[in-house]
Amino acid sequence: MKPQSCPISTCRSCRYYAPEGRRGGYCQQLGAPVCGGWKACALGFPPFAPSWEHLERLMEIGSHEVALREIVVKDEKPRKAKPVASSIA
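Sequential numbering from 0 applies to the sequence shown in numbering that gives the first Met the number 0.
Because the hints were derived from the structure by calculation, they are not lab data. Glycine is no exception: its CB is placed at the ideal position from the N, C-alpha and C atoms. Be aware that one or more of the hints could be misleading.
[Claimed, not checked] SDA-like mimics (lysine to any residue), calculated; alpha carbons at most 20 Å apart, straight line:
| no. | residue 1 | residue 2 |
| --- | --- | --- |
| 1 | K38 | Y25 |
| 2 | K38 | A48 |
| 3 | K38 | R14 |
[What the hints assert, rightly or not] Simulated restraints on C-beta separations:
| no. | residue 1 | residue 2 | range |
| --- | --- | --- | --- |
| 4 | K38 | A17 | 16 to 22 Å |
| 5 | P45 | Y25 | 17 to 23 Å |
| 6 | A48 | R21 | 24 to 30 Å |
| 7 | T9 | G30 | 26 to 32 Å |
| 8 | A41 | R21 | 25 to 31 Å |
| 9 | E19 | L42 | 17 to 23 Å |
Throw the hints in and build the complete structure from the sequences for me.
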């Protein structure tokens with residue numbers, strides 16, 4: 000598998016970078032403190048990337064939902080109603 004080339008150069012220009020304090024920030028993807036001037040990692044993502052870039056993943060999630068619904072509907076067996084005992088004498 001080929002590593003993807005990162006379209007951004009530094010952490011500070013990444014979508015997942017959140018500035019904290021004077022000098023550093025926090026990478027939401029790594030879950031760790033980082034410096035804004037550091038070279039961006041392979042997980043870097045441009046801040047203004049088109050939303051369609053994650054469309055494949057969303058479609059995959061949706062197809063799993065549909066498949067689960069079909070399984071649940073197929074597995075349901077018709078249930079007979081139980082007679083209610085009358086307490087009126």
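Here's how the hints hold up against the structure:
1. K38 to Y25: 14 Å, holds
2. K38 to A48: 19 Å, holds
3. K38 to R14: 14 Å, holds
4. K38 to A17: 16 to 22 Å: Holds: the Cβ-Cβ distance is about 18 Å, inside 16 to 22 Å.
5. P45 to Y25: 17 to 23 Å: 18 Å, holds
6. A48 to R21: 24 to 30 Å: 28 Å, holds
7. T9 to G30: 26 to 32 Å: 19 Å, violated
8. A41 to R21: 25 to 31 Å: Taking Cβ atoms as reference, A41 and R21 lie about 27 Å apart, which means the hint holds.
9. E19 to L42: 17 to 23 Å: Hint holds: Cβ distance 18 Å, inside 17 to 23 Å.
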